[in-house]
Amino acid sequence: MEKLAADVAIIGGGIVGASAALALRRMGFSVTLLERDFCGSRSSGVNYGGVRRQGRPLSQLPLAQRAHGIWGRLQELIGIDGEYIRSGHLKVARSQAELASLEVYRERSAGFGMGLEMLDAKALRARHPWLGERAIGGSLCPQDGHANPRLVSPAFARAAARLGAQVRERTRVDAMAHDGEQFVLRAASGLELRSRFLLNCAGAWASTVAQSFGEAVPMVSSHPVMAVTEPLPMFMDLSLGVEGGGIYARQAPRGNCVIGGSRGYAIDADRARPSRDAIGLVLERTVELLPALGHAHIIRSWSGTEGYLPDHEPVVGFSTTTPGLIHGFGFAGAGFQIGPAVGEVLAELVRDGASATPISAFSIARFARQDPQSGARRQDPVDALADPIAFHVPSPANST
Amino acid sequence: MSAALQPVVIGAGPAGIRAAQTLLRYGLRPVVVDEAPLFGGQIYRQPPAHFQRSKATLYGFDTARARDVHAAMRAMLSDIDYRGQTLVWNAEGGKLDLLHQEQTSTLAYSHLIVATGATDRVLPFAGWTTPGVFTLGGAQVALKYQGCAIGSRVAFLGTGPLLYLTAWQYAKAGAQVAAVLDTATFGQQLAALPALMADPELLARGLYLVAWLRAHGVALHRGVRPLQVLGESRVRALRWSQAGTEHELDCDAVGFGYGLQSETQLPDILGCRFGFNALQRAWLPECDAAGRTSVAGVYLAGDGAAILGADAAEWAGERAALALLADTGRALGPQARGATLERQLARKQRFRAGLERAFPFPAQWAAQAPDDLLVCRCEEVSAGELRRTSRENGATELNRLKALTRVGMGRCQGRVCAAAAGEILAHCSAQPVQAVGRLRGQPPIKPIPFRLTHALASQEAP
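Note that the protein sequences, when read in sequence, are chains A and B.
Just so we're aligned: 19 in the working numbering is position 19 of the first sequence, and the numbers increase by one with no gaps anywhere.
Just so we're aligned: 8 in the working numbering is position 8 of the second sequence, and the numbers increase by one with no gaps anywhere.
Chain A extracted, bound-state conformation:
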């Protein structure tokens, strides 16, 4: 049996866990990260690749702004450009009501420095003639963009390893406990890891970790659907979302259009797949907004497993039951952009016990205050996901 000791143990090698490992190494802590599969092989690596602040709840904007700065230094941090492009992110309105909603969001988020710019139908058509007739206006965030999650997320883990973090892949944690002084983790491989701090960055599976320390959270899994075309001549000059949800689309530097929307189904505890209805819905809505794709093919579709809490806000911060346990999970399908900032915040919580970036809205204590049995005032999380229009891009109405 291999025995390891570290200042900080991290469960989960997604973008949050890996960027926390990187930040902790830069602060000088010893770090061991345990990943049951490959780092960045789940939601962090198979998501749409949106690097987007626009549309997030205001509570997340400080984190998102901090992340924006980190993305700007991506190459320096992780050693690759990750196909990160500040293309601009356009949120399209299909009705006057949606346009009004975008305008409300622009006003409310004005203090966060995103520089949102409203475009009417004429301006939209003039600047982006490839947009379909359904788009009657939109809100542009010029410095938002997109990146390749398959490359970026694993690169965070490699960067952490280069700085001396122990990164153990294909290492599934079987048992975990706090012995009064430190955490003791055991993996199926025979590894035993002891640490003063434990970061729970296990994504859609993080509720199991929280539960092990007596801290159940009402997280459910859902499975956003992605599809991709063959490489096409470049025509999309920005990343696209739709107010009220529906689909989102971008064109990767190689020319493939990546489209997301709707949701698939779990095929086992670890894997998910798009449903036929989801594929149909995504493609139908895509052609409305991107008529040029009417003659294209999708060559592949896929899904992943994402954790959603009832309010669609993540859990970031200290455990209420166990000293030294710090959570960072539940990003409701929108963790890729803010992941690197969450990693830094988790590192600061280890080092300082606090972070200058406001995270109080994300405390796990918000669930402890409710009677977990009654569920009376809680929205049923499954119902909340039933309408794909509502669930990917939280609207400003429920974000304030």
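Careful: at least some of the hints might be erroneous.
[Claimed, not checked] The calculated lysine to aspartate or glutamate pairs, modelled on DMTMM-like cross-linking and capped at a C-alpha distance of 20 Å, are:
| # | chain 1 | residue 1 | chain 2 | residue 2 |
| --- | --- | --- | --- | --- |
| 1 | B | LYS446 | A | ASP277 |
| 2 | B | LYS446 | A | ASP268 |
| 3 | A | LYS122 | A | GLU133 |
| 4 | B | LYS95 | A | ASP268 |
| 5 | B | LYS446 | B | GLU92 |
| 6 | B | LYS55 | B | ASP68 |
| 7 | A | LYS3 | A | ASP268 |
| 8 | B | LYS95 | A | ASP277 |
[As the list claims (entries may be wrong)] Residues on chain A that point at chain B, a partial pick, calculated with CB under 8 Å:
| # | residue |
| --- | --- |
| 9 | GLY45 |
| 10 | TYR84 |
| 11 | ARG196 |
| 12 | GLU230 |
| 13 | PRO233 |
| 14 | MET234 |
| 15 | ILE267 |
| 16 | VAL287 |
| 17 | LEU293 |
| 18 | HIS297 |
| 19 | TRP302 |
| 20 | ALA368 |
[Said to hold, decoys possible] Some residues of chain A that are not near chain B, with every Cβ distance over 10 Å (derived):
| # | residue |
| --- | --- |
| 21 | PHE38 |
| 22 | SER41 |
| 23 | ILE70 |
| 24 | GLY72 |
| 25 | GLU76 |
| 26 | ARG108 |
| 27 | GLY111 |
| 28 | ARG127 |
| 29 | HIS128 |
| 30 | GLN166 |
| 31 | ARG273 |
| 32 | SER275 |
| 33 | GLU348 |
| 34 | ALA354 |
| 35 | SER363 |
Because the hints were derived from the structure by calculation, they are not lab data.
Given the structure is predicted, the values throughout are model-derived calculations rather than measurements.
We put the beta carbon where it would ideally sit given N, CA and C, even for glycine.
Take the given structure of chain A and dock chain B to it, following the hints.
Below, chain B alone, put in the same frame as chain A:
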């Protein structure tokens, strides 16, 4: 209750046709879904109606079998639900997703017999994407379906029985065969003779092909190593070596392949358990001798289950159908027939092992592949990039390598390049090839157009 049985057979080659025929004989009315415009499969592929070449010209030794298989299908067309030119692109919740002439629809099934056949196993070599280079199977399709040759002076390269068969078919059709270049050695083929005696007729046929080609002045070389196709916009020549000596062969087309690989995308999506098959050097859906997979109600038959050739495919199709009938309490009678078929299949299995010895996988391929060799043509990923990425990222698993390099992510979804990429990864990470795993299947099995799915979604909307 039994009235609710709706078996669906996927593939109308020898396995699918015999499966459907057997189901029909016992009172079931199967749906037969096939991607090709006309039934017959790859081996008994039929030309369009107005083409005038005779069956004897098209199928050679196999004329009688082709005639039988076609006749069996034709005889039941009015009693089954045959859907030609129909792609199965996905399966979910007991329904198949079909694509037919720009229409997509779902098809419910109670039982499935998957007889999806095989494609060429491709091991790239320098210049393999030059126009004029075809797989052996592709070269055959040109001949059988389109009535044309891939070139006027054609070199055939690789290994396997198809190498000699295709060369012979081309020579008979009037094309000039520049040479047959086999990566297997004469010694290997000699050593395989005892095992090949398991099927004396096929062995004799193979020996006849070789003798015929020689008698007609076709150069046959064994123990060769392909080096490079020369030519920019069209094949001009082929460079190869033998025992350290390099040769250059004038030709305007190349047909190449290294045996066949089973088409397993659908069993993957259906959730069948896979296991590594050392003989075929591939991950295959597991099934018992009758074709039962790990998923209840899903059966495999023919080359899609394991490469055993067309005769075995007919037996396996019948065997799988009998298993389906027995499993649903329909035909417990013909157990003896099932046992006979299994014995025939087992004998063919021994012959197949002999073929693998006679035409072995070129073990040095991955070691010899140059860094600038294009492995994944859809996504333009080279052997060197695969090696570098594996080394720098510690990638030892194929899906991981795919995520990091795009290998297998393109239009063919790894159908062409996955075997080669797996070999490169196994070699450069010093693992046996089964340790690198296999690419996970994702819908759609083949590309589907946006507009079409758009039409479907509209139809389904209330």
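Measure nothing beyond the straight line between the CA atoms of LYS55(B) and ASP68(B); if it is 20 Å or shorter, mark the hint as holding. Holds. LYS55(B) to ASP68(B) sits at ~11 Å (cutoff 20 Å).
Is the Cα-Cα distance between LYS446(B) and ASP268(A) 20 Å or less? Roughly 24 Å separates the two Cα atoms, so the pair is violated.
For the hint on LEU293(A), just tell me whether its beta-carbon gets within less than 8 Å of chain B. Constraint on LEU293(A) satisfied, holds at 5 Å.
Would GLY72(A) pass as off the interface with chain B, using Cβ distances and a cut of 10 Å? holds (24 Å)
Satisfaction of hint between ASP268(A) and LYS95(B), Cα-Cα up to 20 Å: holds (19 Å)
Does the claim that GLN166(A) lies outside the interface with chain B hold up, using a Cβ gap greater than 10 Å? The assertion about GLN166(A) holds, with a minimum of 14 Å to chain B.
Given hint ILE267(A) near chain B, where the shortest CB pair must fall under 8 Å: holds (7 Å)
Given hint GLU133(A) paired with LYS122(A) - CA-CA distance at most 20 Å: holds (11 Å)
Hey, does PHE38(A) actually stay past 10 Å from chain B on C-beta? Violated, since 5 Å does not exceed 10 Å.
Would you check whether MET234(A) satisfies its interface hint, that is, whether its CB is within less than 8 Å of any CB in chain B? This hint is violated: MET234(A) lies away from chain B, its Cβ roughly 17 Å from the closest one there, beyond 8 Å.
Could you grab the alpha-carbon distance between LYS446(B) and ASP277(A) and see if it respects the 20 Å cut-off? Roughly 17 Å between the alpha carbons, so the hint for LYS446(B) and ASP277(A) holds.
Checking the smallest CB distance to chain B, is SER363(A) really beyond 10 Å? The claim stands: SER363(A) keeps its Cβ more than 10 Å from every Cβ of chain B (closest is about 34 Å).
The structure fails hints 2, 7, 10, 11, 13, 14, 20, 21, 22, 31 and 32 (numbered hints given earlier, in ascending order).
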